[in-house]
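Heads up: the protein sequence lines correspond to chains B and X, in order. Last residue of the first sequence: 300 in the working numbering, with the numbers rising by one and none dropped. Last residue of the second sequence: 970 in the working numbering, with the numbers rising by one and none dropped.
Derived by calculation from the structure, the hints in this document are not laboratory data. Among the hints, a few may not be true.
Okay, the calculated bits of chain X under chain B, using three or more residues with CB under 8 Å as the criterion [stated by the list, open to error]:
hint : region
1    : 141-155
2    : 246-252
Facing chain B, a subset of chain X residues (Cβ under 8 Å, in silico) [what the hints assert, rightly or not]:
hint : residue
3    : D169
4    : T171
5    : A240
6    : D241
7    : L944
Over 12 Å on every C-beta distance to chain B, these chain X residues come out as not near it, computed from the model [stated by the list, open to error]:
hint : residue
8    : D164
9    : P170
10   : S172
11   : A215
12   : R221
13   : R228
14   : Q349
15   : Q416
16   : T449
17   : R469
18   : G608
19   : A773
20   : A805
21   : T849
From the three backbone atoms N, C-alpha and C, an ideal C-beta is built for every residue, glycine too.
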Amino acid sequence: MFEKLQRAFWKALTPDLIAETVAAPVQNELSVGVLSALGGADNLKSQQRVALTRVRVQLQDAGRLDEQALKAAGVPGVMVLAGGVVHLITGL
Amino acid sequence: MTATQPLELLAPLSGVLLALDTVPDPVFSSRLIGDGLCIDPTSQTLCAPLAGVISNIQDSGHAVSVTDDNGVQVLMHIGLDTVNLAGQGFTRLVQEGQRVEVGQPLIEFDADYVALNARSLLTLVLVVSGEPFTVLANGLVEVGQPLMQVSPGEAIEATDEEEGDALFSKPLTLPNANGLHARPAAVFAQAAKGFNASIYLHKQTQSANAKSLVAIMALQTAHGDTLQVSAAGEDAEAAIKALVTLLVEGCGETVAAVAEAVEAVEAVSSATLLRGVCASPGSAFGQVVQVVEPELAITEQGAGEAAERAALQRGLLAATEALQALQAKAAGSAQAEIFRAHQELLEDPTLLEHAHRLLAEGKSAAFAWNSATVATAEQFKALGNTLLAERAADLADVGQRVLKLILGVQDSAWDLPERAILIAEQLTPSQTASLDTRKVLGFVTVGGGATSHVAILARALGLPAICGVSLQVLSLANGKQVLLDADKGELHLNPDLAEIERLEAARQQQTLRRQREVAQASLPATTRDGHHVEVTANVASLQEVEQSLTLGGEGVGLLRSEFLYLDRNRAPSPEEQAGTYTAIARALGAERNLVVRTLDVGGDKPLAYVPMEAETNPFLGLRGIRLCLERPELLREQFRAILASAGFARLHIMLPMVSLLSELHLARKILEEEAAALGLNELPKLGIMIEVPSAALMADVFAPHVDFFSIGTNDLTQYTLAMDRDHPRLASQADSFHPAVLRLIATTVKAAHAHGKWVGVCGALASEALAVPVLIGLGVDELSVSVPLIPTIKATVRELDLADCQIIARQILGLEEAAQVREALSQYHAATVESSSVLEH
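Pulled out of the complex, with its shape left as it was, chain B reads as follows (with noise of 0.2 Å):
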């Protein structure tokens, strides 16, 4: 009981401290525009909820990218970084 209620408090307190453990195994699934606009599922080698509005996704193969149609499928902003690493800016 008195357990649960101080973790009610920390998560209160420290929203980004308790929140965050607890989504990160719950991948969100993106959409399939979104897959397609990063080269089908395949090209994915791992995809993570990062920092409050990102979805940060590493490729196999950068090239296969296309930003436009990313950007079709409804993700505001794209960011390429070095590694195959991309950030699919999705917002709060």
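Add chain X to chain B, keeping to what the hints say.
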């Protein structure tokens, strides 16, 4: 009016634009720092949005501000909580004081590193100098694209003139209900124009030319804002005096009770900070929520004795039911206990007699009940004792509950805003019970102390709280953004970003540290050089014993037996007592110590079933062992009950407040007689508390006659320094870190060890991580600490080195005062923590 050219700010980054309101960080969304925009970046180089001088760049490289020649200042803050990264992932390309061109790169950052290691990348672009602006873009922006158009008021133009010898007024609180809107602003500007001096009105980091109506309005002041007036020039002093008076009087608007306002302002003067006493540690940044109880209208004359008697009966019955319901859903055992005590107050015969006498005189039920509770509460308070004064607050609370039921006043559930810092003269248990604690970040009260309900509740919830704050706090406007730093006992009314971030970072580190400590709680408390220190628990119930074991407690170093039956009107039966001790001993098991302190009551800690006469100076009266020897049958019965648990744990009995050797001899004789009567062939260990200087000084004389000592630092401190720990003016000096107290501990340990006896510390000092090195260094064998702190104290011991502790302890005994001791220990602590966190990496 000389119009300054509008200024275009260029986007410092590419990315997605967001409104400031949506930023999930109240420091920014509240606009405390300033108004502006937020960009979720897709580029990794932050560029200057305007030409100017780098007025500030954080060492950690996560924030920078640029000020142009007209005084427009723009702050850019990359990411949320990025201060915690301590510079990792950021590269500064410019230095403070450097002049930069628009578009010049200022900071490079590794977006992937920040995204993976900080809370967010959301980057704030804030016009901290306060000029109004319009937004020129939406959706996606490219770096260098026009972002905002700032209209520098004439306010800014004159900034240079004022530089130099500007005089500043003391801060004052704006009394106008709607802030300085057009009419009062015009009155103010008109008055300012009457002076030659250049005059500015300041609100936090923003300022406005006081002679400009538009500039004043652009400040967007609100009721309760803290303002300052500055002036430079010949008649500066006269200008400030006149304008401050004008502001306080409402600038031509009627403001609630001007006389009071003036007083309040004088009191608030220089108040960007209010001080109190820490009731529960921690810190929080949130908004003021004032808690006010409605006044109840009570008619004196009743509508017939029978009807009023029935009304009172109904009220009492309904209150009893409500209190039972509250106990059932109480947030913790502490709270449930409080409501059970309240329920007992409802049956108090003196209270009911008083009320019924008034009913017989034809008074109304409400009047009779109110008079009875108020009169009794006054009696409690008049006894001049903190603990009883707290009970007076309970009585007032119960009184109010029944009164509302009689009068049919509905208790409206509080509709709290998010991030509330509750401010009240005194919060009652009933108020806190109906609280939506998810929305509360902290408590600030005028009354109360470390033993008040607010303090107990706040500690149970892990929320920061301060008590004993001056009355001015009640005049703070609802919704005002404040920073509560309970560790220092401070409430900051105009917190700055750096301070908020520092506390935020400290809190997060503390949370992580706490998680690590709890995870490692079962490890032994052994110093790096292999010296084991026993860490045990201070407990007052079986429940706490069980909790202590899950948190790594190695036994019970202090069982406060008087708390087992605190709310009783009658002494518990011998069987019941024996049952309680046995249950606790069984929970611990035969391998662990159980130290039971015999009843420690007296005039300052009264027990309902041990009636005693009032004393003029209860702290120097019949307390602890003195009272028990005065009523030996009480002590005998308790010994019998404790002895019933022999064998289930390693039983120790401890006598409180011993100051004379004869007391120890008498008590031992009684114990031996009771043990013989029960046919025990082995006596439990018998020790004494060292909490009176005479006992510490004579420890070498006591040592051969005891099995152990346990030092009660709270009383030892107050008796050594002759300062009441609860005294409002002396409390801060009644510090257990005083070298005099530490020398007595050293004397005690030396005497005990010379006779092969062990020494524990069960006072509050043992629960302070800062004190651990000196206690270990002095040779203390056991630390008995409050249950939640067991993991912390054990972790602290594991970081230390006995040899170092002995050196620091020797040095500290030679210092002059408590502050120096704390300083020395803080430095030592910083050094050990630093080196141990390096080890972890």
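Results of checking the hints against the structure:
Only when three residues or more bring their CB closer than 8 Å to a CB of chain B does the claim for the region 141-155 of chain X stand; here the count is 5, and the claim holds. A stretch counts as covered by a chain when three or more of its residues have a beta carbon under 8 Å from one of that chain; for the region 246-252 of chain X and chain B the count is 5, and the coverage holds. The closest approach between the C-beta of X/D169 and any C-beta of chain B is roughly 5 Å, which is under the 8 Å cut-off, so the hint is satisfied. Checking X/T171 against chain B: minimum C-beta separation of about 4 Å stays under 8 Å; hint holds.
A hinted interface residue such as X/A240 counts as satisfied when its beta carbon comes closer than 8 Å to some beta carbon of chain B; here the least separation is about 6 Å, so the hint holds. Of the supplied interface hints, the one on X/D241 holds, with its beta-carbon coming within about 5 Å of a beta-carbon of chain B, less than 8 Å. The interface hint given for X/L944 is violated, since its Cβ lies 37 Å from the closest Cβ of chain B, which is over the 8 Å cut-off. Every beta carbon of chain B lies more than 12 Å from that of X/D164, the smallest distance being close to 19 Å; the non-interface claim holds.
With 12 Å as the threshold on Cβ separation, the claim that X/P170 sits away from chain B is violated: the shortest Cβ distance comes to roughly 8 Å. A Cβ of chain B approaches the Cβ of X/S172 within 12 Å, the least distance being about 8 Å, so the stated non-interface status is violated. No Cβ of chain B comes within 12 Å of the Cβ of X/A215; the nearest lies about 17 Å off, and the non-interface call holds. The claim that X/R221 lies off the interface holds: its Cβ sits roughly 21 Å from the closest Cβ of chain B, which is beyond the 12 Å cut-off.
Even its closest Cβ contact with chain B, about 31 Å, leaves X/R228 beyond 12 Å, as expected for a residue assigned away from the interface. Distance check on X/Q349: its Cβ is at least 26 Å (rounded) from any Cβ of chain B, clearing the 12 Å threshold; non-interface status holds. The Cβ of X/Q416 sits about 15 Å from the closest Cβ of chain B, beyond the 12 Å cut-off, so the non-interface label holds. Look at X/T449: its CB is around 24 Å from the nearest CB on chain B, clear of 12 Å, so calling it non-interface holds up.
Taking the minimum C-beta to C-beta distance to chain B, about 17 Å, the non-interface status of X/R469 holds against the 12 Å cut. Distance check on X/G608: its Cβ is at least 19 Å (rounded) from any Cβ of chain B, clearing the 12 Å threshold; non-interface status holds. In this structure X/A773 is separated from chain B by more than 12 Å, as the shortest Cβ-Cβ distance comes to about 30 Å. A cut-off of 12 Å between C-beta atoms confirms that X/A805 is not in contact with chain B; the least separation is 43 Å.
For X/T849, the condition that its CB be more than 12 Å from all CB atoms of chain B holds, with the nearest at approximately 36 Å.
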